[in-house]
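Student: Okay, here's what each chain looks like letter by letter:
2 protein chains.
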Amino acid sequence: MRIPKHIGIIPDGNRRWAKNNGMGKEEGYDKGIDPGLELFKLCEKTGINEITYYGFTVDNTKRPKEQRIAFTKACIDAVELLSKENAELLVIGNIESKMFPKELLPYTKRRTFGKGGIKVNFLVNYGWEWDLNNLKKSDSSKKNIINNINSNDISRVDLIIRWGGRRRLSGFLPVQSIYADFYVIEDFWPEFKTEHFYNALNWYDKQDITLGG
Amino acid sequence: MRIPKHIGIIPDGNRRWAKNNGMGKEEGYDKGIDPGLELFKLCEKTGINEITYYGFTVDNTKRPKEQRIAFTKACIDAVELLSKENAELLVIGNIESKMFPKELLPYTKRRTFGKGGIKVNFLVNYGWEWDLNNLKKSDSSKKNIINNINSNDISRVDLIIRWGGRRRLSGFLPVQSIYADFYVIEDFWPEFKTEHFYNALNWYDKQDITLGG
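So the protein lines, in turn, are chains Z and S. So the first sequence is residues 14 to 226, counted in this note's numbering. So the second sequence is residues 14 to 226, counted in this note's numbering.
Hints are supplied without guarantee of correctness; some may be wrong.
For identical chains, the list gives no copy identity; a pair is met inside one copy or between any two copies.
Restricting the straight-line Cα-Cα distance to at most 20 Å, the calculated cross-link-like pairs of lysine to any residue (SDA-like) are [claimed, not checked]:
1. Lys150 - Asn161
2. Lys97 - Lys122
3. Lys97 - Lys128
4. Lys206 - Leu224
5. Lys156 - Gly127
6. Lys219 - Asn33
7. Lys149 - Asn161
8. Lys155 - Ser110
9. Lys150 - Asn163
10. Lys149 - Ile159
11. Lys38 - Ile222
12. Lys38 - Thr223
Honestly, the hints are just simulated from the structure, not real lab data.
Throw the hints in and build the complete structure from the sequences for me.
Tutor: This is the structure in structure tokens:
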């Protein structure tokens, strides 16, 4: 079986799940933490090299304050949980804005936790414009793009899995996602099941990889 | 019904269609010209403002020579057909490479044909790296990205329709596609049917539009 080296995770649908379950929208984010850890362990078991979680974006911070507080807290909790695993962890996003939680500043340089192993990237206060804006500081005579964006420590993504049924990237790593195969799961992220992950891998195995050629 | 302002078209599957029909792979491209015109007329009728066709890319030019000649000719023929319609036509791509067909140079500044109306963009020898590389020439103190890429005359895409079953962008306008909804049709592009277009519009009508918020 052909296994993707790098998986991107768009854990969408927390608010819709909360609403469907009679809760306030902001109560959904907390239910996304355990699925994140479960998914990490499946990736570890399967031999995935790298995983990127879409935490929250600069766009998201325009949402109502109680939601912003709740998704920020969920990201902090998720990163702290992951730091107890064997992983090479990096939190990446615009740290110059006050929306970036100071609790996560110690994670903004890649560090090895436990025995290391899988590269884990966690996007926090990430913005696609912020990411690409760094290109403006680089030399136009050199063609390379991926080495000159703010997220240059994140590799090309092979497979993106999005929960919650929406078929769009919503600003997720536009450069690294250029050739990524995009698998959408209708269930909301808090409804995460092991079979979602294996269904995505089985689907990915059937895709051809051309990198645009 | 909520109609997308700008539709991106990824007309994939010409080679697989040709192979399935006992032809050489390069013979499929020519069968993609009529669908392109048919789709244009449907967009015109529906009141779409802008349409972008993914002609061929810098990546594609690495394919065998007989395929390259065939898809280049199909793009020239398609643009010439569209220039007989009422449209504001722009061919865009890397004109500094010898892979850019000289027959299309007259179309590389937007021009009005007939009574004008719908904006039609045709990507020819387009490369996402070429497109983003222009950011390196711009002022990093200004945040705007879309005005500073090579394809700055192309607006944000609302709906991308891809034929041929593959669920990836393959370098299609990464900046304008950030928030685009992505609809995939299993049939190959030469099998284009009117209902594909209407199915995509009906699906799009059911999506919510958040622009990342």
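Student: Against the structure, test the hints numbered earlier, and report the numbers of the ones violated in rising order.
Tutor: 4, 5
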